[in-house]
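Enquirer: The listed protein sequences derive, respectively, from chains V and Y.
FYI, my numbering numbers position 126 of the first sequence as 127, with every residue one higher than the one before it.
FYI, my numbering numbers position 86 of the second sequence as 619, with every residue one higher than the one before it.
These are computed hints drawn from the structure, not numbers from a lab.
From a predicted model like this one, the values you see are computed outputs, not experimental measurements.
Glycine included, every Cβ here is placed at the ideal spot set by N, Cα and C.
Heads up, a few of these hints could be off.
What the hints assert, rightly or not - Label pairs and their calculated CB-CB ranges:
| # | chain 1 | residue 1 | chain 2 | residue 2 | range |
| --- | --- | --- | --- | --- | --- |
| 1 | V | Gly61 | Y | Pro934 | 47 to 55 Å |
| 2 | V | Thr131 | Y | Gly922 | 58 to 66 Å |
| 3 | Y | Arg885 | V | Gly61 | 17 to 25 Å |
| 4 | V | Lys32 | Y | Gly755 | 23 to 31 Å |
| 5 | Y | Lys927 | V | Glu34 | 51 to 59 Å |
| 6 | Y | Met759 | V | Asp178 | 22 to 30 Å |
| 7 | V | Arg161 | Y | Glu799 | 49 to 57 Å |
| 8 | V | Arg39 | Y | Pro765 | 50 to 58 Å |
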Amino acid sequence: MHGIAYDAVHDEIIVPVHLAGAVLIFRGAAKGEEGPIRMIQGPQTQILRPETVTVDVPHGEIIVGEDGGKDILVFRRDAQGDVAPLRVIRGPKTGLDEVRGVAVDPARNLIVVSSYSRKGTTGVFVFDRTDEGDVLPKAVISGPKTGIRRIRQVEVDSDRGKIFVAVKNNSESYRFDEVSPSPWNSAELGFIGVWDIADNGDVPPRAVIKGPASGMVWPAGVALNPRDREIYTIDSVRNGMSIFSVPEFFHAIPR
Amino acid sequence: MQRSIERWAIPTCSIAVLILLLVGLKGDRARSLSSPYRNMEIRNAAPASEEDACSSTMFPSSWTAEASTLGDTPGGDIVPVRSVADPYPSLHSVVVDPENNRVLMSDSNRGGLLFYDRLGANGPSGVAEPVTQVRGPSTGMMFVAGVALDPANHEIFAVNNDIGDRMEVFPYDAEGNVKPKRILFVPHGSWGVGLNRVRNEIAITVEHVNSVVVYRRDATLGEAPMRVLHGPKTGLDDPHGIIFDEKHSEISVANHGNWAPLTREESLEGELKGGRFDLPSITTYAGEANKDSAPVRRIQGKRTELNWPMGMSLDAVHDEIAVASYGNDSILIFRHTDQGDAAPVRVIHGSRTGIAGPMGVSIDAKNDEIWVTNYREHTAVVFARTAEGNVAPKRILRNAPPGTPAVGFGNPGAVAYDSKRDQILVPN
Chain V
2 MHGIAYDAVH
12 DEIIVPVHLA
22 GAVLIFRGAA
32 KGEEGPIRMI
42 QGPQTQILRP
52 ETVTVDVPHG
62 EIIVGEDGGK
72 DILVFRRDAQ
82 GDVAPLRVIR
92 GPKTGLDEVR
102 GVAVDPARNL
112 IVVSSYSRKG
122 TTGVFVFDRT
132 DEGDVLPKAV
142 ISGPKTGIRR
152 IRQVEVDSDR
162 GKIFVAVKNN
172 SESYRFDEVS
182 PSPWNSAELG
192 FIGVWDIADN
202 GDVPPRAVIK
212 GPASGMVWPA
222 GVALNPRDRE
232 IYTIDSVRNG
242 MSIFSVPEFF
252 HAIPR
Chain Y
534 MQRSIERWAI
544 PTCSIAVLIL
554 LLVGLKGDRA
564 RSLSSPYRNM
574 EIRNAAPASE
584 EDACSSTMFP
594 SSWTAEASTL
604 GDTPGGDIVP
614 VRSVADPYPS
624 LHSVVVDPEN
634 NRVLMSDSNR
644 GGLLFYDRLG
654 ANGPSGVAEP
664 VTQVRGPSTG
674 MMFVAGVALD
684 PANHEIFAVN
694 NDIGDRMEVF
704 PYDAEGNVKP
714 KRILFVPHGS
724 WGVGLNRVRN
734 EIAITVEHVN
744 SVVVYRRDAT
754 LGEAPMRVLH
764 GPKTGLDDPH
774 GIIFDEKHSE
784 ISVANHGNWA
794 PLTREESLEG
804 ELKGGRFDLP
814 SITTYAGEAN
824 KDSAPVRRIQ
834 GKRTELNWPM
844 GMSLDAVHDE
854 IAVASYGNDS
864 ILIFRHTDQG
874 DAAPVRVIHG
884 SRTGIAGPMG
894 VSIDAKNDEI
904 WVTNYREHTA
914 VVFARTAEGN
924 VAPKRILRNA
934 PPGTPAVGFG
944 NPGAVAYDSK
954 RDQILVPN
């Protein structure tokens, strides 16, 4: 499982199962070997290998992102079984490649996608919520000023119009012929970056958490707790989770 | 940039509030800082230098505060107010070498290998100290999973799963932060490794592409596999543990039962295909099997009790195989020739066994013992080879003080916040 979402209104946990082409929905209080209350799986779903998921509660939709499928699939929130998606965003115009994260801004009717590409564009892609087919993104945050080289989970603070991104960056650099090789390229630090929902192009982040004291090696996930003004990050290499108290990130951040 | 460092001076690694996958953490700084684990150092993974003092291999010495500078951007190098990480190794796979009285365990949490004396015991602190350990950036080990031993040539084979995409080979006497003797680049998602000294080959399972790749034993760097077992007839469904049986020249694989098409073209081949959950299985192939070969035997069905089968081990003397069944905290023993919906000939399971999330298993036919590594506990447990039912282990080796919970993070890739319960959700 490489993704997870929580629906606070319906008290449900949604997880994509990458290796079984499925999206599972559990009770919020589920524990142990408890079965899902719903499952989206089968050829009609068009799901190949789901990597990431989010839920749009106001519009009653579950949004799935795929790395191998290079697409976004939108289902009814209560979809179950082998059902067709309501909408699909896929194709060369979209610029999507290995989709690693997806979030929704229901207030502005936007879907925000993080996508990694070896040959194309790596960055944050913003689509209209109801986009369908092979469509151009409304905005793309990408380029050297962004600091994004590798990217994972993305989250949106809809109330404040902010995009929070887990920028993984640090890449494999193990060179066996070196005397003391290391799997990490210390020149490429990962970080948590914050952008405005209206940002577009090669725009530097408006706020960051980055550096050795942060403990982040390979930040893969980010989640928000606006009530307590906290950011939660998960690090897939350090096998650790960190909680940052950053009240300033939850105010309007001037450029 | 410095403000946050001054605000919370306790290093990240010294605060370890240990959790399982569902985490409840209030915004209570005082509680976090008074955690009994706040001064815990990494044990069984003794820091070789100051560079390693915080978190094993993960923080290169060249990381500096300057490297984090991003102009006047708000935020910066902020110290977390709370952190959750396990400072102790997570015992993953295990293999016993009775000839040399050594037991090797892989540590997927801190990226290392631990060699224990076969008859080693817990010390006064309640923790067993390894004889040697291999760990550090030069080793290249990251999310290390399956391991194999070659007692004759004194070599250790270690495969990285999901990150790393490489197998490292070390000599028996390797210790500390050392370069491997050789490395082999392997497919993304490799997990188990089996050695066949008769064929002079190694076989590796690959979860993501439902494959078994077979290489020359001495293969290095980007060398291509000699054979690739892959396709719908193989029945490979998210393969994990593997045995490369020298006596019968067979390959046996433990499958979780997950399958999904890799590409849209594959999903459209023949009838439209979608993902599916199959029952877990043990599939066995001829040693020379290649491409889309069907298994010669398959153990699958409700009577098998297979549930997330992980590591496997062969007892060539008694013609039995042992399977670590993670999902139901069991060790399942089958006859080598079993197939179909076969019940195991013996099951080790129950509250007295100390088995909790078994990841690795190794049969020591010479000493009539069976070793099990627990992922949900900081323990390895040893039973009589013929143990059955709810029996206490003969010995328990701990790699953390008694009562220390295992966090259980394994290459986590996302996080969510449950605002209703004030809990943090982390999928592995």
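Enquirer: Work down the list of hints and note, for each, if the structure agrees.
Expert: Going through the hints against the structure:
1. Under the hint 47 to 55 Å, the C-beta atoms of V/Gly61 and Y/Pro934, about 50 Å apart, fit the expected range.
2. For V/Thr131 paired with Y/Gly922, a C-beta distance near 59 Å keeps the hint of 58 to 66 Å intact.
3. For Y/Arg885 and V/Gly61, the hinted distance range of 17 to 25 Å is not satisfied, since their beta carbons lie about 49 Å from each other.
4. Between V/Lys32 and Y/Gly755 the CB atoms are about 44 Å apart, so this pair departs from the stated range of 23 to 31 Å.
5. Roughly 29 Å separates the CB atoms of Y/Lys927 and V/Glu34, a value that falls outside the hinted 51 to 59 Å.
6. As the Cβ distance of Y/Met759 to V/Asp178 is approximately 25 Å, the hint placing it in 22 to 30 Å holds.
7. For V/Arg161 paired with Y/Glu799, a C-beta distance near 42 Å fails the hint of 49 to 57 Å.
8. For V/Arg39 paired with Y/Pro765, a C-beta distance near 28 Å fails the hint of 50 to 58 Å.
The structure fails hints 3, 4, 5, 7, 8 (numbered hints given earlier, in ascending order).
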